[in-house]
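Chains R and A, in that order, are what the protein sequence lines are.
Everything in the first sequence is counted per my numbering, starting at 1355 for the first residue and increasing by one.
Everything in the second sequence is counted per my numbering, starting at 13 for the first residue and increasing by one.
Bear in mind the hints are in silico, worked out from the structure with no lab data behind them.
No experiment lies behind these values; they were computed from the predicted model shown.
Worth double-checking, as some hints may not be accurate.
Claimed, not checked - To spell it out: a stretch of chain R is covered by chain A in this simulated footprint if at least three of its residues, at any positions, have a beta carbon under 8 Å from a beta carbon of chain A; those stretches are:
#, segment
1, 1379-1393
2, 1421-1427
Claimed, not checked - Quick list of in silico lysine-lysine cross-link-like pairs, DSSO-like style, CA-CA up to 30 Å:
#, chain 1, residue 1, chain 2, residue 2
3, A, Lys188, R, Lys1457
4, A, Lys424, R, Lys1455
5, R, Lys1385, R, Lys1401
6, A, Lys424, R, Lys1385
7, R, Lys1455, A, Lys264
8, A, Lys378, R, Lys1457
9, R, Lys1385, A, Lys264
What the hints assert, rightly or not - Interface residues of chain A toward chain R, partial, derived using beta-carbon atoms under 10 Å:
#, residue
10, Thr168
11, Glu278
12, Gly281
13, Glu292
All C-beta atoms, glycine included, are put in the ideal place defined by N, C-alpha and C.
Listed here are the chains, written in short residue letters.
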Amino acid sequence: MVKAVLFLMIALLCTANEPSGSVSKGMVYYKYLLKEPTGMRGDLFAKQHTTQEWLMRFENNATVLKKELLAINPQLKAFVESPRFLEIMPHIKAFVVHYAKDKTNSAQCEEEE
Amino acid sequence: MMTRRDVLKGLTFVAAGSALPLSLQASPIPNSTAAKPVVNTSKKTRVIVCGGGFGGLTTARYLKQTNPALEVLLIEQNRTFVSCPYSNVWLGGVAGVSLEDLSFDYLSASIKYDYELIHEVITGIDKERQTVTTNNAHYRYDYLVLSPGIDYDYSTLFPEEQTAKAVYTHYPPAMKPGSEHLRLKKAVENFQGGNFIITVPSGTYRCPPAPYERACMVAYYFKTHGIKGKVLLLDPREKPATKAKGFLESFKTLYKEYITYIPTAEIKGIDLKKQVLNIETFNTKTLDYTPRNISFSYANIIPPMKPARLIDIAGLERNESGWVKLKAPGFQTVTDDKIYVLGDAGGHPFPKSGHMANSCAHVVAKELGARTLGKSFDITAHLPGNICYSMVNGSPKEGIWVSHSISYSRTKGLKATPEAMVQRDQQSGNAIASWYHGITSDML
Ligand SMILES: Cc1cc2nc3c(=O)[nH]c(=O)nc-3n(C[C@H](O)[C@H](O)[C@H](O)COP(=O)(O)OP(=O)(O)OC[C@H]3O[C@@H](n4cnc5c(N)ncnc54)[C@H](O)[C@@H]3O)c2cc1C
């Protein structure tokens, strides 16, 4: 019984960690809007942090993430403060969380020929 | 291999949902209200293999070979084995490939390799009592191997259950064998013209090249039968999930008039009456997604996937992406080390392919065989591997392929790395039949 409750709690925690954005959209947005300014490929960017670390970075309208992006490239200021950034944020979040450091998912761009 | 008559007979059974027990041992009479007896109380070590697909059939055969003293019982709900690999080649009407080539009987394999077989639906797994419950009885096990494959997950595409059901009924994904494939074949053969949509699922799914190979084979059929149809291949990615170069080159050179590849396509909804699919695609000028409506004469809608329901029934812990969490580099589940999971339902970062399921099953058979003999076994010296062919042209037969090697380190875990990658050629096209006959004769 205790085992079953524990299992349910873990299952709930796991689903709570899955953001509502689209992983594939996040990957495309990252490539076109953030890859050049950060100078980092999407899969490598996502592998910078664990799931928990990423979730923390997206709290309060991504306060920590914004700061870190500005530290990498101050020219991103206008973009991270625009409503557009807030709009695409759920997708970026879904993408980085899906490919986070602690996940076994590997971005399919690894199959680059 | 079966005759056409056997195949049709088998498919009728499956379609009718027949669940009559067919056991090589004395089976209790099915009675849903009576308490189900526990079948077999022998003292021998018993392994139950759940699911007679690529993973399960290989495990049953090779377990018995590694430790002949084991009692191995395979439980499979279908009475006929129908293969997904090679089904696209059949779909394209490539000369010399028929439904008989995809279909096999289970009984011959169980006789040849000396394991028990029953055709029942597994409805429960009790980990404490170590029993498997079917529509017919309870079966005791010492070890359990699950290779139940996948289920479809329509929830993100069509959250409304009614729509999801209607889409499945009218436009089945045909990523599970049997009746769905027959419906798709009919749709291709009866196609009168217009748009034939194929959608590629997001996330990790069964057989990454299958939708792209299917696009080639449907286009091949249109081309060789003078059908004025266009295959619209909608992919949420920017390029094919695998063998991108080979597929894109094939679309452009072999099927310029027949295939339009639409990348970054996200499905937003469907109007089943008007036969219109609502999608969004990324516009590289505005740097945003813009909505589009595409009308279709037929659509092969392949939704995202999850492990088969049996995994929920067994109450096994899953990883963040929903696949079963395993103790790397092996195949024991983190939930219960008497339970192994392999094939598409497993959570290792391997391509979900029949070849991979077969290769992993060889490893599981060796490891579990050794375990039951009280011997040690070093999995890192027996890691599985993968090779994946796709037919892109039917005449001359031309194929492309990729192979993956698997590595393991304590710090980085398991990793699948693409190795050889061969672009379109006839040698690969001809190798597909040899690969297929080789792997099926290893299991059946
Ligand atoms: C169109 C297409 C083309 C493909 N081409 C290739 C290819 O060229 N090469 C390749 O390597 N792979 C290919 N694949 C992938 C391959 O088919 C799968 O990866 C493989 O079948 C996975 O094996 P499995 O054992 O995990 O599942 P499956 O082979 O699906 O077996 C699962 C079995 O479990 C049974 N089962 C499930 N639940 C229950 C239950 N409750 N009770 C009883 N029985 C149950 C099912 O009936 C089924 O028989 C292709 C797939 C598709 C769809």
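Hint check results:
1. 1379-1393: holds (count 6)
2. 1421-1427: violated (count 0)
3. A:Lys188 with R:Lys1457: Satisfied, since the Cα-Cα distance of roughly 27 Å is no more than 30 Å.
4. A:Lys424 with R:Lys1455: holds (10 Å)
5. R:Lys1385 with R:Lys1401: holds (15 Å)
6. A:Lys424 with R:Lys1385: Measuring from Cα to Cα gives roughly 26 Å; hence the hint holds.
7. R:Lys1455 with A:Lys264: Not satisfied, since the Cα-Cα distance of roughly 37 Å exceeds 30 Å.
8. A:Lys378 with R:Lys1457: holds (28 Å)
9. R:Lys1385 with A:Lys264: Given pair lysine 1385 (chain R), lysine 264 (chain A) holds - Cα atoms ~25 Å apart, limit 30 Å.
10. Thr168: holds (8 Å)
11. Glu278: This interface hint holds because 6 Å falls under the 10 Å limit.
12. Gly281: violated (15 Å)
13. Glu292: holds (8 Å)
This entry does not satisfy hints 2, 7, 12, going by the numbered hints stated previously.
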